[in-house]
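Asks: Sequence:
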Amino acid sequence: MADALDFCNPFWEKPKFKKTTLAMSSRISDLASIGIAALAIDGKGTIAVKSWSTDSVEFRVKQTGDTPYPILVLKITNSTVSFSQEDKDGNATPLIDESVRPEGNPYVPTIAPKDGTVYWLSVDRSNRVLRYGKHYTCKALTLMEVKLDSQLDLWLEHLGPVEVDDGASPQVKISRLPVIVDLPPTVVTNEEVSLRDLSLRRVTTWANLPEACQKLYHNVAGKNVTLESPDFEGFADAIHKSVTTEGYWGHSKLKSKCKDPNNVEIDEFRHKYLRITIGSHTGNSPGIPYVMEVWPPRHRSPIHDHGNACAVIRILSGAIQCTWYDAVIGGAEPTKLGEPVVLKKDKITWIGDNQYQVHALENTKEETCVTLQCYAFTDDNNLHVEKFQYIDAKSKDKAPFTPNSDCTFEDFYTYMKWEWDNKGPYPTGP
Numbered sequence: 001m002a003d004a005l006d007f008c009n010p011f012w013e014k015p016k017f018k019k020t021t022l023a024m025s026s027r028i029s030d031l032a033s034i035g036i037a038a039l040a041i042d043g044k045g046t047i048a049v050k051s052w053s054t055d056s057v058e059f060r061v062k063q064t065g066d067t068p069y070p071i072l073v074l075k076i077t078n079s080t081v082s083f084s085q086e087d088k089d090g091n092a093t094p095l096i097d098e099s100v101r102p103e104g105n106p107y108v109p110t111i112a113p114k115d116g117t118v119y120w121l122s123v124d125r126s127n128r129v130l131r132y133g134k135h136y137t138c139k140a141l142t143l144m145e146v147k148l149d150s151q152l153d154l155w156l157e158h159l160g161p162v163e164v165d166d167g168a169s170p171q172v173k174i175s176r177l178p179v180i181v182d183l184p185p186t187v188v189t190n191e192e193v194s195l196r197d198l199s200l201r202r203v204t205t206w207a208n209l210p211e212a213c214q215k216l217y218h219n220v221a222g223k224n225v226t227l228e229s230p231d232f233e234g235f236a237d238a239i240h241k242s243v244t245t246e247g248y249w250g251h252s253k254l255k256s257k258c259k260d261p262n263n264v265e266i267d268e269f270r271h272k273y274l275r276i277t278i279g280s281h282t283g284n285s286p287g288i289p290y291v292m293e294v295w296p297p298r299h300r301s302p303i304h305d306h307g308n309a310c311a312v313i314r315i316l317s318g319a320i321q322c323t324w325y326d327a328v329i330g331g332a333e334p335t336k337l338g339e340p341v342v343l344k345k346d347k348i349t350w351i352g353d354n355q356y357q358v359h360a361l362e363n364t365k366e367e368t369c370v371t372l373q374c375y376a377f378t379d380d381n382n383l384h385v386e387k388f389q390y391i392d393a394k395s396k397d398k399a400p401f402t403p404n405s406d407c408t409f410e411d412f413y414t415y416m417k418w419e420w421d422n423k424g425p426y427p428t429g430p
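Quick note, the sequence shown lines up with residues 1 to 430 if you use our numbering.
Misleading hints may appear alongside valid ones.
Claimed, not checked - In silico DSBU-like links for lysine-lysine, alpha-carbon gap of 35 Å or less:
1) Lys387 x Lys255
2) Lys255 x Lys272
3) Lys344 x Lys241
4) Lys255 x Lys50
5) Lys44 x Lys88
6) Lys423 x Lys387
7) Lys139 x Lys44
8) Lys114 x Lys223
9) Lys345 x Lys396
10) Lys365 x Lys417
11) Lys241 x Lys223
12) Lys114 x Lys345
13) Lys396 x Lys257
14) Lys44 x Lys147
15) Lys75 x Lys139
16) Lys114 x Lys394
17) Lys344 x Lys423
18) Lys344 x Lys215
19) Lys241 x Lys345
20) Lys345 x Lys272
21) Lys114 x Lys336
22) Lys259 x Lys223
23) Lys272 x Lys344
24) Lys387 x Lys241
25) Lys423 x Lys396
In case anyone wonders, no lab produced these hints; they're calculated from the structure.
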């Protein structure tokens, strides 16, 4: 997997490239349409470009220094994707590629999304693999792949200078490492991981996560971060009672979030959940960084992203099903990635700025689920998008959501304890 701290989408920081002399092709007459960069390590790295092209995007990776080897070309159009080697005379030799994710769309759209599209090329000399994908730079979003033999080792070793042409000088960003593998979604302690876990990549430890996720993990992984406490042993049961019983605070609050609280549609109601904020906004996250979310049985979220923020999610009670998708784009149905995963009590998952960034959560059980969501931007994120983008369940359009608060944790605790102790709804409405 490309280093999560080396790449962010959208591009907001001018990348720093190693100093090198780029031998410009004689075919290029208008440099205004060219994005220029260089791999940090010859033969290794991920090149990502953000483009609004409706015609074509072309990557050209040249040789460092004066070598007789051809350049690498990846060209994406409205209907084709091709890898090739091109010699000094412009003669192209196709490289045999294979489709890795047939359900994905590898082509340049004829109508550009408002936010543009990220295209990426991974060069991996160690494993002799070239990969092409769109949106976030992770293995799960690979669309095409080329496997090379050892005869091309010298060619791969000297690939360095980069040109990308989309007709409008695209923004180019380089990650030091190629896209190779993705980290698993479940995080465990060092004491829990086994050799089989490492071999089969079933789980990961906190030390492998982006730095922003590591900090969040340490804040919420402690044994006392729980709904179980001596002064309120029935907290989880009280929450379930409140959100599933007509007239109780939780159920009334969920109804108040619907368009017509007095005439609630069941599908709309099941897309509502509670956001209980803990602490205050610290200025480095989309909304208040610590949020306890309450998911009644059969309730779910829309498909949404996380504003390129990192996150750690801990299950405090019940279980939640998580399904991941490729991207949130207006007018396009997101493509599901892999199979859903059900996370049970005390399990921890994570979100990076380029992995697991788009998901939907659903409580498929009959027990209310409570999760603790924690958010932070990476240190190199200088944009701080404080809105999530989601796909509206009915219109299928892309829409913004500003992370808000239905209640503070202290007030929520008071309401739940009152209802539990008095065996009735809290006397003041939400």
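Asks: Against this structure, judge whether each hint is valid.
Replies: Quick rundown of the hints versus the structure:
Taking the CA atoms of Lys387 and Lys255, the gap is near 23 Å; set against the 35 Å cutoff, the hint holds. The hinted pair formed by Lys255 and Lys272 meets the criterion: a straight-line CA distance of about 8 Å does not exceed 35 Å. The hinted pair formed by Lys344 and Lys241 meets the criterion: a straight-line CA distance of about 20 Å does not exceed 35 Å. Using a Cα cut-off of 35 Å, the hinted pair Lys255 and Lys50 is violated, with the two alpha carbons roughly 41 Å apart.
Distance check on the hinted pair: Lys44 and Lys88 sit about 22 Å apart at the alpha-carbon level, within 35 Å; holds. With a C-alpha separation of about 38 Å, the suggested pair Lys423 and Lys387 falls outside the 35 Å cut-off, and the hint is violated. Of the supplied pair hints, the one linking Lys139 and Lys44 holds, its CA atoms being roughly 15 Å apart against a limit of 35 Å. With a C-alpha separation of about 45 Å, the suggested pairing of Lys114 with Lys223 is violated against the 35 Å cut-off.
A threshold of 35 Å between alpha carbons decides the hint, and for Lys345 with Lys396 the separation of about 32 Å falls inside it, so the pair holds. This hinted pair checks out: Lys365 and Lys417 have alpha carbons roughly 24 Å apart, not beyond 35 Å. For the hint linking Lys241 to Lys223, the alpha-carbon distance of about 25 Å falls within 35 Å, and the restraint holds. Of the supplied pair hints, the one linking Lys114 and Lys345 is violated, its CA atoms being roughly 39 Å apart against a limit of 35 Å.
For the hint linking Lys396 to Lys257, the alpha-carbon distance of about 20 Å falls within 35 Å, and the restraint holds. Note on Lys44 and Lys147: the hinted pairing holds, with a Cα-Cα distance of about 15 Å set against a maximum of 35 Å. A C-alpha spacing of about 20 Å is found between Lys75 and Lys139, which places the hinted pair at or below 35 Å, so the restraint holds. Of the supplied pair hints, the one linking Lys114 and Lys394 holds, its CA atoms being roughly 21 Å apart against a limit of 35 Å.
Pair hint Lys344 plus Lys423 holds up; C-alpha atoms about 28 Å apart against a cutoff of 35 Å. For the given pair, Lys344 sits about 22 Å from Lys215 by alpha-carbon distance, which is consistent with the 35 Å threshold. For the hint linking Lys241 to Lys345, the alpha-carbon distance of about 18 Å falls within 35 Å, and the restraint holds. Simply put, Lys345 and Lys272 have alpha-carbon atoms about 21 Å apart, close enough for the 35 Å limit, and the pair holds.
The suggested pairing of Lys114 with Lys336 holds, with an alpha-carbon distance near 22 Å, which does not exceed 35 Å. The hinted pair formed by Lys259 and Lys223 fails the criterion: a straight-line CA distance of about 39 Å is larger than 35 Å. Annotation: proposed proximity of Lys272 to Lys344 holds, straight-line Cα distance about 21 Å (limit 35 Å). Using a Cα cut-off of 35 Å, the hinted pair Lys387 and Lys241 holds, with the two alpha carbons roughly 31 Å apart.
The straight-line distance between the Cα atoms of Lys423 and Lys396 is roughly 41 Å, outside the 35 Å bound, and the hint therefore fails.
When held up to the earlier numbered hints, the structure conflicts with 4, 6, 8, 12, 22 and 25 and fits the remainder.
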